[in-house]
Every structure is written in C-alpha cells, then in structure tokens.
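There are 2 protein chains.
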Amino acid sequence: MSQERMKVLGVDPGLTRCGIGVVVGAPGSPLSLSGVGVIHTSASAPLEQRLLQLESELTKWLDQYDPDVIAVERVFSQHNVRTVMGTGQAAGIALLLAAKRGIPVMMHTPSEVKAAVTGNGRANKTQVAQMVVRILSLKEAPKPVDSTDALALAICNIWRAGATSKIQAALKQEKTRVAKLVKK
Amino acid sequence: MSQERMKVLGVDPGLTRCGIGVVVGAPGSPLSLSGVGVIHTSASAPLEQRLLQLESELTKWLDQYDPDVIAVERVFSQHNVRTVMGTGQAAGIALLLAAKRGIPVMMHTPSEVKAAVTGNGRANKTQVAQMVVRILSLKEAPKPVDSTDALALAICNIWRAGATSKIQAALKQEKTRVAKLVKK
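Protein chains in written order, with this note's numbering: chain X, 1 to 184; chain Z, 1 to 184.
Hints are computed from structural coordinates only; laboratory data are not their basis. Do not take every clue at face value.
One copy or two, it doesn't matter: identical chains are merged, so the pair holds either way.
Think about it this way: if two alpha-carbon atoms lie no more than 25 Å apart in a straight line, the pair counts; the simulated DMTMM-like pairs of lysine to aspartate or glutamate are [said to hold, decoys possible]:
id	residue 1	residue 2
1	LYS139	GLU174
2	LYS125	GLU112
3	LYS100	GLU57
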C-alpha cells in the first residue's frame, strides 16, 4: 500500500526553549530532515512578551515550511509545576496557530515518541538522538541538541499516521467484504 | 491625590468557562460595571479548536471594550492537573492577545483578589459575590455567576494599581525631599 508523503513540523514546547523539527517523508520510505531549530525566550521577560515572541517566531516557521501536519508533545505536569505551566502555554500557542491555519494537529506523549523511534517507551535522550540520526541519515546529532525531541516527534507522527491509515484501510476492506457476504 | 479612571477587563481563565468582567473607575471613587459574560467552549471539541474559539471570542471583547488594562488570574496547579493545564492555556491566550495590542497586563492570585475585595484572603465564593454586588452597586449577583471572579479581579486591579501609584508617589516625594536635604 503506498503512503502519501507528508511534511510534519514537530514542536517540543517550552517557554525558555521550544524545539522545532521539520521532517518530510512517508511511512515505509526514507525520511529526511527539512528544517530544525530552537526558539528561545528570555526568562527575565514578562510572560506575555515571551508568549508574543514565541507566537511571532512560530509564525515564521509555519510561513517558511507550510507543513501538512503539526505534531505537538502532549504535556503532563508530573515534574516542576512552574515549568509545566509555561510548557502548556507554549503548546497552546502552537495549537492555536495550527487551528488558525487549518493545519491538522496531532499530539503524542513522550513515551509514544520514544517507543515509535527506538522501540522502547523508556529510552533515554542519547538513545533517541542516535535513532533520530540514523532514521534521518544525518552525519551527526542534530544541532541544536534541544531540537532532537522535536525531530523525534515529527518522525513519530509520520509513522503513527501510517499505522492509523493502514488500520483504517484494513477496516474499510473488512467492511466491504462483510457487506458483500451479507448481500449474498 | 486624584487617581485616573481606568477600564479594566478581568479574565478568570478557563477552557470550559472563561469569565469576563469589565469594570471602570478609579481607586477611592465608586466603581461601575461596564460589561460581564462567560466564554464557553465545548469539552468534546479538539483542544486546538477550543483555543481558537476562546481567542476569537476574547478578541471580540477586546474590540468592544478596548480596556486600559487586562487583569488575569495567576494560575496555580494545586488541584486537578488536567483542568489546570487548560486554565493555564486559556490564560496564555489572554496574555498573548494583550501583548499583541500593547495593553498592559497585571496578574493577581485568587487570595490577593479575595483580600482586596473582602479584606479576607480566604473568603468563600458567596462572600466575594456579596462584596462585588456592593462595590459595583448592583441590584443582584452578577449573571452569569461564573463571571463574579472576573469582576472581582478587575476591582482588585483598580485598587491595587491605586495602592501601587500611591506608594510610587510617596517614594518620589521622599526622594525629592532627601535630594533637597542633601543639596543643603
């Protein structure tokens, strides 16, 4: 079954560092890195100015890459409450911009991303980075290193979308088969 | 000392219910209610659509009332983690819109609001509602009741801004006095 190529912009949300990774490809075909970077905002700036800066820089990424899908890490508040609030707000800005442009959004948890990329939902940062390098046929770890998770998110999105569409195709085939049997 | 009148739009952030209250007045003068309402978004809609709807309706409020200041409740994640994330994201949208328009933002914690309005940082909802009715010379509790906290936020903002400017004025006076003494 052939799968359509897609361009996915992955967002590893954060206020101080927001990782961005753009990957192009289709499930079952080689994937390639299209763009990568990190948006920084100053911890000493007022929160509203940081959100505005993030929105403005994310907008530039969307203008430049015009992705088919935006993949955002699903945020949990297990750790530092203060950090998590900023992370959630940064994710919220990415979601808002996606909705404004009518770009589909998919969210993946950190363990879904790790499992998709390394086969192990509890893989560490180094293992994820090594697999990202291999999957995208890079010569070295992506720089800045903060963007590795965003690339992993984009890869995860392409592969999961492939799995989802395979399941949907199989279900459709099965429905057609059953419908034919019922008609007989 | 005369204080300038200001129009404050209070935002009690939330994804399912976001309270809005607009209050006009100056510290030491009677305050009046200018507008009040609640923005609802459906819990069954995708997160990005809820954020987009919130942004679009908040924009209408800002267009209609053109406030001098936006007062937003400072969000803590003491309680339900899932709710707090949505609350933080809703607050983030309000902050972003304020920054885009260059409208100053002030954030107040729930206990600061309660203390400002009732004199007691641990006042309950009924006590806050009763004081909001009295301060704004309303005939009955504001409707929808979800908007009471947004009105209390706006009131708190006007009074705290008054206190802040009084302190600043007193400091300025003292500096001038000391400067004169030093010159002598």
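Here's how the hints hold up against the structure:
Taking CA atoms no more than 25 Å apart as the test, LYS139 paired with GLU174 passes in neither setting, with 43 Å inside one copy and 65 Å between copies. Taking the closest pair of Cα atoms, LYS125 and GLU112 come within 25 Å of each other only inside a single copy of the chain (14 Å); across copies the shortest separation is 42 Å, beyond that limit. Taking identical chains as interchangeable, the C-alpha atoms of LYS100 and GLU57 lie at most 25 Å apart whether they share a chain (15 Å) or sit on different chains (14 Å).
Taken one by one, the earlier hints fail for this structure only at number 1.
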